[in-house]
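Student: Using the sequences and the accompanying hints, generate a full structural model.
Counting from 1, one number per residue, gives the positions in the sequence shown under my numbering.
Hints may contain errors.
[Unchecked claim] Pair by pair, the computed Cβ-Cβ distance ranges are:
id : residue 1 : residue 2 : range
1  : R27       : E65       : 41 to 47 angstroms
2  : L77       : Q14       : 38 to 44 angstroms
3  : V68       : L4        : 18 to 24 angstroms
4  : E80       : E2        : 26 to 32 angstroms
5  : G19       : G122      : 54 to 60 angstroms
6  : R134      : Q95       : 19 to 25 angstroms
Quick caveat, the hints were computed from the structure, so don't treat them as lab data.
For glycine and all other residues, C-beta sits at the position ideal for the given N, C-alpha and C.
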Amino acid sequence: MELLPLLITVLVLQLVQLGATLWLVRRRRPEGVQPAALTSLAEQLEPPLRKLFGQLEAEQARARELVVEAERLLAALRTEPPATSEAVADDEPQQARGEARRLLGEGRAVGEVAEQTGLPIGEVQVLANLLSARGRA
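Tutor: Quick look at the structure:
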């Protein structure tokens, strides 16, 4: 999204340049206009355009680096197992959650409940937050 204004600016400048070139090629030169004036205008426009194209190339390189980094992180997410407790079998989640609610209701610590039920500590923390929110309501 950071590139969008820069890309639009470059596109507009390229369209202006193309239009000016076509206009100059198709028209006859009036007697008062000298090629030196056009050369001077081109020399004035060259540094800002070079700067814009340099910024565009730098942003494109940065975007390519970010894409490579994102692909690397995505590949790492797909290959590494989650850093939580062992997964609960498919038929046990509801029983484990019920047991976790009961233990949390007794005032047990989140880590202790996670170890006893086999649920991930994050899930037990969510259950604890829900139980405490219900107690406040």
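Student: Would you mind marking each hint as holding or not holding in the structure?
Tutor: Results for each hint:
no., hint, result
1, R27 <-> E65: 41 to 47 angstroms, "holds, 46 angstroms"
2, L77 <-> Q14: 38 to 44 angstroms, "holds, 40 angstroms"
3, V68 <-> L4: 18 to 24 angstroms, "holds, 21 angstroms"
4, E80 <-> E2: 26 to 32 angstroms, "holds, 30 angstroms"
5, G19 <-> G122: 54 to 60 angstroms, "holds, 59 angstroms"
6, R134 <-> Q95: 19 to 25 angstroms, "holds, 20 angstroms"
Against the hints set out earlier in the document, no violation occurs for any number.
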